[in-house]
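Number of protein chains: 2
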Amino acid sequence: MEFKILRVDLSGLKFREEKIDDKTLRRFLGGRGLGAYLALKEIPKGANPLGPENKLYIMSGPVTGTAEGFEAGRTHFVGKSPLTGLIGESNMGGRFAPWMRRSGYDAIVLEGKADRPVWISVINGEPRFHDASKLWGRGVHHAEYLIRKELGVGPKDGGVVAIGQAGENLVRYASIIHAGSRAAGRTGLGAVMGSKNVKAIFVMGDRQPEVADRERFEKGVEHLKEKIGKHPIKDALNKYGTAVLVNIINQIGALPTRNWTKGTFEKAEDISGEALAEKYLVGTRGCWGCQIKCGRLVKTDDPKWGVPEGSKGPEYETIFAVGSNWENGDLQSIIRLNHLLNDLGMDTIEFGNTVAVLMELFEKKDQLPEEKREELLKLLDGIRPLFGCPCPAMELAYRTATRNGIGEVLAQGARALADYFGCDCVAEARKMSLPAYDPRAIKSMALAYATSNRGGCHLRAYAVSFEVLGVPVKTDPLEVDPKKAKMVKEQQDFFASIDSMIVCKFNTFMTPSPEDYVDLLAGATGWDVTAEEIMEIGERIYNVERLFNVREGDPGDYLSRRLVEEALPDGPAKGETAKKALEVLLPAYYEERGWVDGKPTKETLKRLGLEEFMYII
Amino acid sequence: MEFKILRVDLSGLKFREEKIDDKTLRRFLGGRGLGAYLALKEIPKGANPLGPENKLYIMSGPVTGTAEGFEAGRTHFVGKSPLTGLIGESNMGGRFAPWMRRSGYDAIVLEGKADRPVWISVINGEPRFHDASKLWGRGVHHAEYLIRKELGVGPKDGGVVAIGQAGENLVRYASIIHAGSRAAGRTGLGAVMGSKNVKAIFVMGDRQPEVADRERFEKGVEHLKEKIGKHPIKDALNKYGTAVLVNIINQIGALPTRNWTKGTFEKAEDISGEALAEKYLVGTRGCWGCQIKCGRLVKTDDPKWGVPEGSKGPEYETIFAVGSNWENGDLQSIIRLNHLLNDLGMDTIEFGNTVAVLMELFEKKDQLPEEKREELLKLLDGIRPLFGCPCPAMELAYRTATRNGIGEVLAQGARALADYFGCDCVAEARKMSLPAYDPRAIKSMALAYATSNRGGCHLRAYAVSFEVLGVPVKTDPLEVDPKKAKMVKEQQDFFASIDSMIVCKFNTFMTPSPEDYVDLLAGATGWDVTAEEIMEIGERIYNVERLFNVREGDPGDYLSRRLVEEALPDGPAKGETAKKALEVLLPAYYEERGWVDGKPTKETLKRLGLEEFMYII
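Protein sequences, first through last, are from chains A and B.
Sequential numbering of the first sequence, starting at 20, is according to our numbering.
Sequential numbering of the second sequence, starting at 20, is according to our numbering.
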């Protein structure tokens, strides 16, 4: 199959086309896999993530935009992360990648650095640079509005990705936003885009993505469509969105609350998917071709927390990040903050965790050394970050996005904030703070977080699926069973392939086997792939990402002190830490992977055909 | 006497010293007068206020920093206004000008434009440029903190003026802020500083201001000190600050409420100086040498509206602008907004009026043409500007200072916002929106606003002093008596001299005659001035400012439609407009001035020794 990359040389303001050979494609598929491979080959060791030597890979995969009924509209971004200094990558819903393929390119790679703000359009194979001086400083929503006005295109024509003020000002967890609310949120790739002086990219066109074996492909599509269509999880996601998890996770005591000092939140019900559906929902929205439609369209009635009627509501992760984790039970405030953080272009998870650390610091300010306490108060300039009180967060969001006062420290992320004031009160792995599942209450998540190449993430292995949801089998979340190591490892590999095809992970709740994707992928590409090959490709990708980290000085597979030393004080997981889980599961995991001390061995690299990277280990 | 100017050539990054001759000084004194004279001579006709051809004059006067007991710590700024396109000038309290004189210069003039952000220090006669890239984007408070840290000076050493994000982003009513809260607020000179890429100026030194005739000078000082010291207005200002006016002005039905559609506010008591003193006051602060100490030091207890304890509280004007004019009775919100607007560097009066217009537009949005309504909602991005609800104002402030979304329109000012959406619902004169005295209820203020050279302003003539406070005599505020024209004219001239010496206008409540200042000025300068000369100098200054306007296409002496056509619906001035006041008082005023149609005649210019500007009329 053909895979065409548009290389964008920002330093020279030139474009170049490149084709990826079929052999390489079959080894990495596209999306996350091909992005990681190219990043490892092309980004020099020790590169400054915010320097011109970093690159930003904007990827589709062979399945992107080919058919409807499952979800193949997602886009994958890869680069070196300004937050972790390791592999940075993030997957985003919506319709950008399908429009990118239609525009004539399967991927766009940003290289170098423009000497002034630009934005880029690609329409039917014709890329162009545009002056972005009038977009710079604007939020994502306003910027997209101005772009569409300038091009004279309607709100449904083509796709835009843009950064907000956070990306411009190099906030280390700036996101890239599409369609106003779809976020490539984690690892700070918005700052990479900002560092290159690229405000936005618009893509549109009529090219139809290639499908090699139409008959087999249709068979694969029908299989997914049918299986997903009749599944109860589809209905739950459609009805309540990802926020359906609030009550479920709270009930098992794994809903991080008050900066990870509790596992249950007494107001969980008030911020649940059920409450959202009952009070504020006005519709649902799916990504390109998707029948699940987990996106929430909402309205609010509190004038303090207005959003445009029908704008996108918060995901579960955001509800935790600026809700339970702040002991904030005001769902309307969460809806507005979600909207605002998208406009400013900041990862809601890292921002929420960072402000939660700030709230704890503020509460314990009398325990800080005098000089630090005074600096904290000076930088806060009167803002009082209190648990349970969402109002000051609006200002903190603006101050972070513009790096003003306390925002200059907040812009570095939760770990850096905690370190700056000398308080080890942060939940993170590889310097990226954790999402909404307490690993003390879901043991496999301890392993999943610790071994995630991009840092604390629930989407590299979503162990919640078996530990809590019973997909494909139900396990006991509090049991530390070495068998779980294999389950995590396999999920990581499977998901790496899923992220590279690219289809949505939510499909895998309903079609949880690699078998489910064989006809789809074989039909789209013309390759005679098997379920085993899909898993092997995933494993190859996971090792490539790990190699990137090893080369850049990986701090290793750990969870921060709070999680391994401080026991949960409440709920069904009362008294639990994540210590034993790591002690038992990590060695078992390394054995499954063929790794020693978190590094691939030569044998493993050989087995996966990654000899070219032997120099790293 | 000696008057030394530091000329700062920002385009060439060079400094130059200049001395003003004694004859010119005696004609314009210093401060506002000398600034206006130099501006008229040096700023070319038709200059872009935000272009390198504009200049910013930062002025002290002959009395500045010479003695304590009255108030001679103020600084005057002059340039071409980006808000009105006419003479721009603003007077600021604090201690900057005394420190500037100590640093070795009586004035600093910014010329040209730096090609990147700089800040300037002047310490004991040595000026220096500094790289401001790390200060750019920061608020005023953080910027001053970083400057003092870099120079290693304590919070009380030397003086800083800085702009916030509003000045950087050329908001047309950006202010220049000193000591975190002292504002040169009106006419947008912060944007002029921003257009020149100057973030801040620090001044410090040991030079003592010259006093020519020490004995006479001391006599003048003692006279003021004593008269002010025992005056009841001093005590009222000390006890309640300028906010003492809230209840007084509300009682006569002149407190602008709900975007100038009412003259009384039912919650006036809640936002009064008395409420401020009772609930939130922790201390008072005076400018350099002042015994009045009208500055409020406050704390708040609402976590939504935190300020650093002991930071400066709002003035009466701000309480109107973001209080009664929004029907906002939450004093703590006003305290926080005041603090925030100072940090962002925006005139609270223009911002408050602009948002009040926005609130009215939002309320009446169904009356807008469909396209305009949709644009308004799109730009608001979910923010709901409702009367009575201060919360969204925080976001509106940030959006204005960074010109994001609706902020791009708000950044142009109240008149421009009203025009953009086609709603003539604004209270202004010369495109600058009005401060906190409704001219329909205080007739002389109609004339004072309309004839103010810098646009709608209460400080060019403060007719409130006789119409309401009875200083020097009590008049009936609702009576339209041609005699009031002379009183306004004389106050304008007197105040022009006061602003040029420079002493604080508040002194004139207690020492209301030019006679009171003869010994002071004669002693400081060695000139044998009289009360008549003080008045003549003031008249000369007023005419120079008017000439500046005439040359730039003065729109004339008017009040906007709302004030002359819509009668007040409530309070003691119910049924009143400002129409008759203008019809009767303007002709009488022109006769007093020797003007025809708002322009000085040749005879008048000759009488005042302004022949060099005859070419203008």
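Treat the hints with care, since some could be wrong.
The list treats identical chains as interchangeable, and a pair is accepted whether it falls inside one copy or across any two copies.
[Stated by the list, open to error] In the PhoX-like style, the derived pairs of lysine-lysine whose C-alpha atoms are separated by at most 25 Å in a straight line are:
no., residue 1, residue 2
1, K391, K153
2, K625, K132
3, K153, K132
4, K391, K168
5, K168, K384
Hints were generated in silico from the structure; no laboratory data involved.
Treat the numbers as computed from the prediction; the structure is a model and nothing was measured.
How the hints compare with the structure:
no.	hint	verdict
1	K391 <-> K153	between (39 Å within a copy, 21 Å between copies)
2	K625 <-> K132	neither (36 Å within a copy, 62 Å between copies)
3	K153 <-> K132	both (19 Å within a copy, 20 Å between copies)
4	K391 <-> K168	between (48 Å within a copy, 15 Å between copies)
5	K168 <-> K384	between (49 Å within a copy, 22 Å between copies)
The structure fails hint 2 only (numbered hints given earlier).
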